Amino acid sequence: MAVNLFYFLVFPGLLFSAVVGALLSWFDRKITARVQFRKGPPLLQPFYDFFKLLLVKETILPKQGSPVVFLLAPVFAVFGATTAAVLILLPLLNISSGFRGDLIVIFYLLTIPSFSYVIGSLASGNPLAAVGGSREMKLILSYESTFLLVIAGVIIKASQYFDLNSIITIQHNSRPFIESVSGVILFIVAIFCIQAKLGLVPFDMAEAETEITEGTFIEYSGAPYALIKLTKYIMLFILPAFLTALLLNGFVLKGIGILWAALKILGIVLLLTLIRNTNPRLKIKQAVSFFLVWMNLLAILAIVLAYFGY
Amino acid sequence: MDEPACYSGNSSCIFWILKNRYVGFKSFCFKKSLWVFHFGGASCNNCDIEILDCLTPRYDLERFGILLVGSIRHADVLLVNGSINMRDRDRLIEIYNQAPKPILVVAIGACGCTGGIFAEGNTFAGPVDKIIPVDAYIPGCPPKPEAIIAGLVKLVNSSNPFKRDK
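Protein sequence lines correspond, in order, to chains A and B. For the first sequence, the residue numbers in my numbering are 1 to 310. For the second sequence, the residue numbers in my numbering are 1 to 166.
Just so you know, the hints here were simulated from the structure itself, not pulled from any lab data. Predicted model, so just to flag it, every value in this text is computed and none were measured. A virtual CB, placed ideally from N, CA and C, is assigned to each residue, including glycine.
Pairwise CB distance ranges (calculated):
1) A:L5 / B:R91: 46 to 52 Å
2) A:K39 / B:I49: 18 to 24 Å
3) B:W16 / A:L43: 28 to 34 Å
4) A:L141 / B:S11: 57 to 63 Å
5) B:L18 / A:L263: 40 to 46 Å
6) A:L5 / B:F15: 26 to 32 Å
7) A:L5 / B:I49: 50 to 56 Å
8) B:I93 / A:P127: 17 to 23 Å
9) A:L43 / B:V153: 18 to 24 Å
10) A:A262 / B:P133: 46 to 52 Å
11) B:R91 / A:E209: 15 to 21 Å
12) B:Q98 / A:P280: 28 to 34 Å
With the sequences and hints as input, model every part of the structure.
Here you go:
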């Protein structure tokens, strides 16, 4: 029990993934600044933002709408992200082996933050938040099936093992899944899914700050908004970590392997940041057809290729 | 709370120090991450453009943690520029009341600070500080980005957002 609580709250759960995710968020902002020939924020900027929101700012509750649901939604989001972090990072850091079928559980836990944003935005009673919430719902509907197809492709490549630990072990014993045609295609599709899950720029129509003024989060202030920021930090760390486990051979945490592990995560975040900085925002209609038609076709092609062993 | 006499065994002294540290930490975090919401009154757009200039690569206010946000609920600083006329006044008061406290208000440009050439106007509803309390004034028509940055740095260094009674 105490060990499980430690796993959940300290390592590799809430504290560890939040700190690493905050540093990755700084990396993201710094790279963005360098792309635009700016200097960028200091290293501890995400921590300043978080503690300012948590400790200093007042929390304003909406007059219309449901205050209880409005306040509970960010808590659910942090809970889902943290539980997913524990289930992903325990096999990945080789602490424990997880259980059969934990891929399915991780998949569902990773959707909880997005659903919580939708619930919170609809509970705030703000019309712009409702627009953002409906866009987020459409986005979830479009990218989740693609993400499931990616996971199905990985399962087929791993000769139908349903748990993260076996997938990592199979890659260690033979070669990483990305060193094949289907692996590369799955990686491309998964990168776009992660971009949409994180709400980064081509797919940030739910919180479009210049268009519907932060959409889903428009009414959040103070501590609940700090929790949303925390969820975003955690998701920025665990989604690249999950992709590393699925396709990029996981982590080998001894000697030079630690450096490789860090480089894999940083490389994926760098890729996400560069996509975010070189693309305009899509309309929700374009995003839905992008995932439901093109990305699904690519993923199915990858599954067929994987089935025939390419 | 005044400083209690510090001798060994006085627990209220330790409590006082811890409380001061906590308030200092909060104030430090606040000053390190000011998120700015921009309210343009009946502006001629020059101040708006100069404010946007501060966020461009040449001046880059993000290195001080300053970001432009879209919703007043996320803002720590309310930048007001342009002359405030009768219609703007209600909006400005509404925006100010919706902001989560503590919030700093900065009046930018001659119109925001004093009224400028509109001070005698028919529909002019007074400079910003007659409507809401203002923490800093940055005059100029329009103020240079350097002047805006200097004003914001002075505001960050001098003000204590927790000591204001409103």
